[in-house]
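Per our numbering, the sequence shown starts with residue 61, numbered consecutively.
Note that these hints are calculated values from the structure, not bench results. A portion of the hints provided could be inaccurate.
Quick list of in silico lysine to aspartate or glutamate cross-link-like pairs, EDC-like style, CA-CA up to 16 Å [stated by the list, open to error]:
hint, residue 1, residue 2
1, Lys67, Asp173
2, Lys183, Asp173
3, Lys67, Asp148
4, Lys67, Glu177
5, Lys455, Asp173
No experiment lies behind these values; they were computed from the predicted model shown.
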Amino acid sequence: MLKFLWKNFAILYPLPFLMATMRIPQIEALGVVLRWVILAGGTGAAIAIGLGFKPFGGRRLNLALADQIIICFLGLFFISQAWSIQPDYTLQRAISLMLLYATSFWALWKYADCFSEEVLIDKVLKTIGLVLALNLVLGFFILPGGMLVGRFRGLFINPNNIGIIIGLGLPLAAIHWLRTRQRVHLMITIIFAMNLLASGSRSALLGIAVAIVAVFTSLTAQRPRQAIFVALVGIIGIVAFSQTDFFVEQVVREGTLATGSNRTDFWELARGYIANRPDFGHGFGTDMVIHQYYDVSLSDLRLRGAAVMSSYYGLAVQMGWPMTIAFFGLLWSFIIYNLVRHWRDYLLVGFVATLASGLIISIFEPVIYSAGNAFSFLFWMVFMLTVRRLRYQKKGLLHI
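Make a model of the complete structure from these sequences and hints.
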């Protein structure tokens with residue numbers, strides 16, 4: 061049984077996070093429970109890996125530099141209980157992020173060692189692709205309530221839930237299709253694109269555009285004809301789509317463009333909160349309760365959203381500006397360095413470009429440090445795969 065679960069862990073892993081963001085109460089409730097079961101199971105596997113137990117084997121305590129940096133940040137998140145406005149909540153959020161780290165950087169790393177990174181990506185993408193294919197069919201043709209304020213949400217609570225998944229999934233699917241040249245991954249890429257366009261998520265579109273430009277720039281070094289052909293087809297399709305009424309009404313949404321669908325109002329609130337505690341913040345995870353702490357009623361302000369609608373402002377609310385600058389500065393430096401240093405390795409560039417898309421989405425969504433949503437599990441998995449590929453290339457175990 062243990063071997064069966066381990067072999068299929070890459071299939072089981074995405075499902076609870078996707079289920080927990082769905083608008084069907086029974087599925088959402090089950091997903092909320094199962095996502096912690098899967099993270100606890102992943103952490104258990106990580107402990108077994110560290111101790112060298114079979115069937116996992118072990119990485120032992122062979123920590124990469126990224127591991128050491130992440131552990132330092134986790135330690136600071138735990139320490140922030142000392143000044144947190146809600147110490148118990150800070151502890152819970154820090155523990156959940158620790159579980160996500162253990163699963164992503166230990167269990168999934170070892171899974172890729174056992175079965176290959178291709179198998180890991182293949183199974184994760186097929187699982188997400190199947191869910192999003194059902195999302196299109198059920199959301200448009202079978203279940204009522206598939207539209208929210210004129211935007212497609214399908215099975216999900218909010219159209220932006222689709223955007224945060226696709227913002228990472230589509231660049232990863234595109235690079236995996238280029239890598240394998242399998243029709244199934246072309247279909248998954250198309251399914252992701254259809255979900256994205258239907259949801260009208262502008263932040264995801266922006267992030268994906270940056271990622272795709274980076275991938276095809278890299279691809280020209282090895283497959284110039286393929287890169288130029290696919291790029292031309294894509295440009296023609298984008299130009300044609302941009303002329304449609306659907307694009308203007310559902311994607312551009314000119315009336316909400318200047319404020320980012322009222323995100324600027326959330327950011328103004330965030331700046332006020334941060335000004336009260338600019339150095340150390342209010343404690344890790346407290347961006348989700350910060351409005352109540354300051355007796356601010358979002359409903360009275362006619363605002364709809366979570367936390368302060370930005371991972372950047374959100375982390376500053378939690379941990380202060382110095383920690384926020386260090387955290388995102390290290391992530392952006394890692395991405396830019398590897399885009400420049402390894403621009404001819406389009407597989408590695410695909411991973412790094414996916415991370416860049418995620419960081420762009422994080423400007424507009426409070427997602428990167430929250431273990432339970434449908435964004436973080438995929439972001440940190442891709443981050444792990446990037447670190448793993450760099451490390452194994454340096455050791456001569458992987459080749460461009």
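Okay, the hints, checked on the actual structure:
1. Between Lys67 and Asp173 the alpha-carbon distance is near 12 Å, which keeps this suggested pair within the 16 Å criterion.
2. Using a Cα cut-off of 16 Å, the hinted pair Lys183 and Asp173 holds, with the two alpha carbons roughly 15 Å apart.
3. Distance hint between Lys67 and Asp148 is unfulfilled; the C-alpha atoms sit about 36 Å from each other, more than 16 Å.
4. Using a Cα cut-off of 16 Å, the hinted pair Lys67 and Glu177 holds, with the two alpha carbons roughly 13 Å apart.
5. The suggested pairing of Lys455 with Asp173 holds, with an alpha-carbon distance near 14 Å, which does not exceed 16 Å.
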